[in-house]
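Now for the letters of each chain:
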Amino acid sequence: MPTEPISDVDLQAYVDGQLDMPGRIEIERRLQAEPEAAARVMEELRLRDEVRLFLAEEAEPMAPASVALARELSRRLRARANGLRLRRAIAAAVLIGAGWVAHAEFGLLVDQVAAAHPVPALAAEATAALDWLQVGAAVGEVPPLPLSAPRAGGKVPIPALGADAHLLRAELVPTPDGPGMASLYRLGGGALVSLLAAEAGSFGVTWPQPATVNGRPTVFWQTGPFAYALSGEVPEAELLGIARRAAPGPWPEFDPPSPTEGIPHG
Amino acid sequence: MTAPFDVEPHLGVLRRYALVLTRSPDEAEDLLQDALVRAIAAAGTWRPGSDARPWLLSILHNTHVSRRRRRQVEAAAAHELALEPPAMAPPRQLARVQLGQTMTALMRLPDDQREVLTLVALEGMAYKDAAEILGLPTGTLMSRLARAREALRRALDGDGAGEAERPDLRVVR
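If you read the sequences in order, they're chains C and X.
All residue numbers for the first sequence refer to my numbering, where the first residue is 1 and numbers rise by one.
All residue numbers for the second sequence refer to my numbering, where the first residue is 267 and numbers rise by one.
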């Protein structure tokens, strides 16, 4: 039974890698019986590969201006990516309510036993901050992102983590409620911790609470309009100690949490 | 591992594509930087998590079109002819770049054929994505590809094997 020759459209789609696996196999099977078409396909594949090689083999160094522009662009794209992640996490927190949920889709996996308060989305962002701060460009290479001023009307106070903590880098990150500052520190023992300081979505007072977020020990707290999350490669007790010493006071120390303590009345 | 927002790993490919678009190493560098500046301003259009390369290529292509249009307007205003005749030999500056026989022939193709053939050669480039980058319907992209391939094959057959670059044709400026 005579079969039609393979169409040029199909051959082109094959050469350009547009076919799925069954499609490719079908073309290859038919090319076995059409040596002229097969030779043409080989030529087209070679030409395509030569163009592909030309595109991939740039060996000349990039102009410094191009590299600087590329890095600035990456910073802004990264900020967009992080802002989006935080929004998703906040959506998860809304779903959570007063309880806990392991919500892999939102990237917010929370240990049910670890804390009595709902973990704010900021805590999850602190663990992400630890990751990308370690690989991101050092601050000072490019001008900072233009972000709108905090709604609270002033700067977000950054707690001092103590003489033991050596600041490695810090970057502004956007959050849905305003700009936040993510900072990476190296502790005396060599461990890395990240602190995320941002405007909270609402007024509240929470003293340092531990949680395990995305597998990382994390401590979060809120002082009125500002929320903080500390995350790192150290045991929870050590994180709590740093947070309690660092959190701007006054804090009721080691008192059991009271629902109304610290919240202004009247 | 390259994160979706990393731009530096794509610079080489971007500059090489810019070289195909402009056929001049100096202008390619200029075009690349111009495009990066536009991308910074347009960062809000990037879909977080998506591959940055098609987005960057799209901005690069649009920037190139804008620059070319501006040059044509300026040249016409100065009473000079700026239209490129098809299949002309590439400008002298390209002699600096090491091009094999295939790329030499490709550089002589008309703009729209050069662009489409080069873009589709990129690994993982779907027709739909290439069409979007070039601002074409997918059908037009495919037929333009076929014509480009035919033209390239003709150019390579006509040149014979392993010949040196043809001397420049005189460009009417």
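Keep in mind that the hints were calculated from the coordinates and are not lab data.
Among these hints, one or two may not hold up.
Chain X stretches covered by chain C per the calculated footprint, using a threshold of three residues with CB under 8 angstroms from any CB of chain C [stated by the list, open to error]:
| id | segment |
| --- | --- |
| 1 | 279-291 |
| 2 | 294-307 |
| 3 | 310-317 |
| 4 | 368-380 |
| 5 | 402-415 |
A short list of chain X residues far from chain C (calculated; beta carbon distances all over 12 angstroms) [stated by the list, open to error]:
| id | residue |
| --- | --- |
| 6 | His276 |
| 7 | Val331 |
| 8 | Arg336 |
| 9 | Glu340 |
| 10 | Ala342 |
| 11 | Ala343 |
Pulled from the structure, derived: some chain X residues nowhere near chain C, Cβ distances all over 10 angstroms [unchecked claim]:
| id | residue |
| --- | --- |
| 12 | Ser332 |
| 13 | Arg333 |
| 14 | Arg335 |
| 15 | Gln338 |
| 16 | Ala341 |
| 17 | Gly390 |
Here a beta-carbon is modelled for each residue, glycine too, at the ideal position from N, C-alpha and C.
So which of the earlier hints does this model not fit? Going through the list in order, the structure violates hints 6, 17 and respects the others.
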